[in-house]
Amino acid sequence: MMQFMLLFSRQGKLRLQKWYEANTDKAKKKITRELVTLVLSRKPKMCSFLEWKDLKIVYKRYASLYFCCAIEPEDNELLTLEIIHRYVELLDKYFGSVCELDIIFNFEKAYFMLDELLLGGEIQETSKKNVLKAIAAQDLLQEETEEPRGFLEEFGFI
Amino acid sequence: MSDIVEKTLASLPRFLSDGLLGTKSQQTPKSTSTRAFQNFMRLVNGVKSRHEEEQIVRREISVLKQKLSQPDITPAQMCDYLCRVLYCDMIGYDVTFSFIHAVKFAQKGTALEKRIGYLACSLLLNENHELILLLVNTIQKDLKSSNLLDNCMALTAVCQLLNTEMIPMVLPLVEEKLTHPRELVRMKAVMCLHKFLLKAPSLMHNMEGKLHKSLCDKDPGVMSVSVHLYYQLIKENPEQYESVGESLIHIFNQIINRRLPATFEYHSIPLPWLQIELLQCLALLGSKSQRISELFYPLLRDVLARTNIKDNIAFAIIYESIHSITMIQPNKELLEEASRHVGRFLRSTSRHLQYIGIKALTALVKRGAEYVLDYQMTVVECLDCSDKSTQRKTLELLSCMANDANVAVVCDKLLEHLSKSSDPYWKSDLVVQVADLADRYPLLFSTSRREWYVDTIFDLLMRSRGCSPTGVVDKIIKVIGSECQGEDNCEEFCHYVTAKCLETLHQTDLTPDLLHIIIWVLGEYANFLNHLPQDKLLKPLLGYFVNSEFTEEVRVWILSAMRKLFCAGVLERDELVSCLNGIGTKELQTYTRHRLKELIHFVRSGIRLDNRTRLNNSSLQFDGTLSFLDDFVSEALEGGASPYKSSQLRYMELNSLHKSQERDVLSGVELKTYSQVSDRSSASTHGSAGRPGSSEGGGHTQNAKASGLDMTGVKRVWSKHGVATKEEHVSQHKLLSPVSRQLTGENDDDAANKDGQDEEQTRKHNLASALFQGITNQQNQKSEQMENKTEHAEHQNILRVSGTTYSKPIISTIEADPLPRADTGGWRELHKISNQNLAKALAANESFAFLENTSSEAVSTNEVTVQQLTEDRVLFKQNLSTEECIPNKNDSVKVLPNDLLGGQSPVAIVKDDDQHSDPDQRTSSQKLDPNERSMYDNYMEEDSHTSDVPTNPDSHESLGGTSLYDEFYSNGENL
Chain A
1 MMQFMLLFSR QGKLRLQKWY EANTDKAKKK ITRELVTLVL SRKPKMCSFL
51 EWKDLKIVYK RYASLYFCCA IEPEDNELLT LEIIHRYVEL LDKYFGSVCE
101 LDIIFNFEKA YFMLDELLLG GEIQETSKKN VLKAIAAQDL LQEETEEPRG
151 FLEEFGFI
Chain B
1 MSDIVEKTLA SLPRFLSDGL LGTKSQQTPK STSTRAFQNF MRLVNGVKSR
51 HEEEQIVRRE ISVLKQKLSQ PDITPAQMCD YLCRVLYCDM IGYDVTFSFI
101 HAVKFAQKGT ALEKRIGYLA CSLLLNENHE LILLLVNTIQ KDLKSSNLLD
151 NCMALTAVCQ LLNTEMIPMV LPLVEEKLTH PRELVRMKAV MCLHKFLLKA
201 PSLMHNMEGK LHKSLCDKDP GVMSVSVHLY YQLIKENPEQ YESVGESLIH
251 IFNQIINRRL PATFEYHSIP LPWLQIELLQ CLALLGSKSQ RISELFYPLL
301 RDVLARTNIK DNIAFAIIYE SIHSITMIQP NKELLEEASR HVGRFLRSTS
351 RHLQYIGIKA LTALVKRGAE YVLDYQMTVV ECLDCSDKST QRKTLELLSC
401 MANDANVAVV CDKLLEHLSK SSDPYWKSDL VVQVADLADR YPLLFSTSRR
451 EWYVDTIFDL LMRSRGCSPT GVVDKIIKVI GSECQGEDNC EEFCHYVTAK
501 CLETLHQTDL TPDLLHIIIW VLGEYANFLN HLPQDKLLKP LLGYFVNSEF
551 TEEVRVWILS AMRKLFCAGV LERDELVSCL NGIGTKELQT YTRHRLKELI
601 HFVRSGIRLD NRTRLNNSSL QFDGTLSFLD DFVSEALEGG ASPYKSSQLR
651 YMELNSLHKS QERDVLSGVE LKTYSQVSDR SSASTHGSAG RPGSSEGGGH
701 TQNAKASGLD MTGVKRVWSK HGVATKEEHV SQHKLLSPVS RQLTGENDDD
751 AANKDGQDEE QTRKHNLASA LFQGITNQQN QKSEQMENKT EHAEHQNILR
801 VSGTTYSKPI ISTIEADPLP RADTGGWREL HKISNQNLAK ALAANESFAF
851 LENTSSEAVS TNEVTVQQLT EDRVLFKQNL STEECIPNKN DSVKVLPNDL
901 LGGQSPVAIV KDDDQHSDPD QRTSSQKLDP NERSMYDNYM EEDSHTSDVP
951 TNPDSHESLG GTSLYDEFYS NGENL
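For the record, the sequence lines run as chains A and B. Under the working numbering, the first residue of the first sequence is numbered 1, with each subsequent residue one higher. Under the working numbering, the first residue of the second sequence is numbered 1, with each subsequent residue one higher.
It is worth saying that the hints were derived from the structure and are not from the lab. What you were told as hints is all true, and nothing was included just to trick you.
Here are the simulated lysine-lysine pairs, DSSO-like style, with alpha carbons at most 30 Å apart:
id	chain 1	residue 1	chain 2	residue 2
1	A	K18	B	K141
2	B	K141	A	K133
3	B	K67	A	K28
4	B	K104	A	K28
5	B	K104	A	K133
6	B	K48	A	K28
Simulated coverage check for chain A against chain B, where a stretch passes if three residues somewhere in it have a Cβ under 8 Å from a Cβ of chain B:
id	segment
7	51-60
8	72-78
9	100-110
10	124-130
Covered stretches of chain B, as calculated for chain A (at least 3 residues, CB under 8 Å):
id	segment
11	264-275
12	316-324
Beta carbons are placed, not taken as given, at the ideal position from N, Cα and C, and that holds for glycine.
Based on the provided sequences and hints, a complete structural model is requested.
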């Protein structure tokens, strides 16, 4: 089970954080600080897996953003790398061609997307199409009620 | 009105850029963020210093606080405020004031507000927060709602926010959703049940039928999430769920035969996540049941056979299969197959795959140590790898493959890394591993082995620097204690241990753990120290006693060791008393001071106790009546001491004598002092009880004196606590500081020493031969041995001598130690040659110097070997021409790409790292221009390279291209 996921920039600024285990704010801050320095200090060719306290850290860099997940020792690291990749694929599809700015200015969307992909630290939906469908349905509700009726029917949500 | 204008403006840049890039405008989401939000972001991201950021954020927070408390806020404004709050929270500022607003907002009407409200709640609150109670009502309402999206949001919130006590309130509603017509809702409901199962397994007893129904759901998504649940159940109780095994195998067959919809494929592999989860479930079931294992074998064979795809996800599945093969009832063929695949991982140049390969090998070695033989050089290279992660995994592998013959070398390696490492968690891990290894192989019947154990443990504790976890020291003491009671040669061993302890005691930088063991040994085996001049012992002990670096606990150990030493006659009475009296008691805690006083009185009294406790404790008997003290007591009574009264008796007396105020104080103190003493050894109890009697002429004023003494003690308890807490803080800092220092020391060993590569090579071979000794391969052993028996023997013998000082060249074991069976790494060839060279060296009368086996001589011989080795390389290459790997001078075994690609046409290789540098060098102000599009654009240009890669059918739908994945594919190509 995933314990938490952090997104941060090369400058060490946090862009997204999702905690699947209850932690106090203080503990969260401490963990974030430690991990950001640890991950940023690693060289590009190094292995993306780290053992840290009693957890395993899996991270991957996409352009200027680091995606960093903490998983339990018995979880499969390569698979976690693919969860990160699937998330990036989804963001990419959703935002057109995603960049750090999209995530900064639309971080709530990035959270919505993450919630559809992972729930309570376990992967929920592995089909890209289904995740995007669910997000689209929610987005349609958000737009002021002029045209959405037809779209909702198209997606089969009404 | 202004709202609309703002929105239009905000969407303009996006609209323009979309038009330019030609992406579908329908695909890009509408932004909820307003101008104010964007301004704030721009400000915060443009700051020059932490101080400036703090100012801006504080100002923003106070504005938000004021605005949120206004009565009439429109939902759109509220969304904006909450987004800003969330951002402040993310960058680490306190936004407690907004929690209640988030909860209220989730309760409000329409879907959009709910969505933001729930998001804010899930990010700001956690399951232990008190405000969650207010949210339960909303969640219940939304679960009952007929709106699909309300249901989804509520289920998501249930998963993230509810704690154990609240589960019963929503459980029936969630169960209802298991039969909802939409698969999305069913899926989320199953995810909630999974969460409940983790938090409150007791509530989930009667769910079997429903769970099975979701496992058989017609939607693959629901089916795959219900496997999460089954995994959890099987993990708890594999026997009970054996029957599920067949259903799982059935599902697995469906996946492999691609009977499920193509939308669930990921990089052209069907349902990889589900595959891995199923492998994990079946591995757990198969480990207990032969039947399931047998059903599982063909599946595993299929999975491993179908893996010609070069993609991380395929490797993830292969790794999981290997892991499963090592978990279930063993099957020889499959283990061989797994070992072959491990080779593919290990030979890869990708660090990830090497890491996974080492991990897989570790799992495999638990089934049979012989599987490691094919990969000796790779393992040794991973051990010297510049990457700490790989190193760490390799060390784990080493400790797994340790056996009687190589345990010393393995421990040596672990210790070496222990002193290099600065990560306290890793250190304590290593300490446990070494202590375990040193302990695992029987110590009895071999004096050298026991001595090695003691040496190793002392070395370990010296290097661990306080990182040893609790329990390790106790375990070590137990082992030493039991070894010293052994039947044969135990006296010799005791001598060795005590000598070692004495020697170590005089070193300067002892750790508390090591000191504990030393003090214990010195006390217990004091009989062996009779010959010592006493100041040699007393001085260091006193030195440690007054050393403020050590804790009170250490002082108490020292005192009890002194008592034992005194009883054994090692320490003399007068000197000990004068030394003890010289100790300043102000700094000590009450309890320690008490023990110190006790010891002084005890030594003065001249009571002789028999200290034969350890050596023949089978006949140990306790004299409960303390009859041996009779003389002492009667003497004291004659001298005017008052008779002993039990604490209750004294308490009652005090009650009658003193007024209420004094009485309270005294009773408290007295109870504390004597209750602590009461569970100590008989000698100390008696000592404290006899104290008034032994002090000169104090008998009549006993009460007053006692009260005076105890009163001062009370005061010092308070002062003492202050001091003690300070000390604790200091030691905590010491523990924490290595974490921060860790970063600086990590990158040292990167630069490869080019000049010394030949020596390096030889060193590695020696290390490999030392590490892998004693691991035998039963299958091919016979035929190999018949061929090269004499050669082997000679070869092994020489290598053992040159490689390590630990191993004992015992002739009888040599024959059972064949060389590695397959020559994939060119390993055996190398050794044949080095063997010949060494034989030459021996023939040239260098044998004695060589056999002396001091390190410098070993090195010089190695150099000779290497020179000749390079001369022989022509011949050597010929030998290897049919092999897939060619060892070259540089060091490692390089793999030809065809080996891994398995004859597939190679895909274009894209260098990924150079691409990163460009976008990152832009200045921060540029970065914040919202017009700027996609740092990933450069990836899009690479798109054509990957067009021949099998991809997910829907990944090419977007007009913008699949920019990000190029990096991914290029990573996959490193093999």
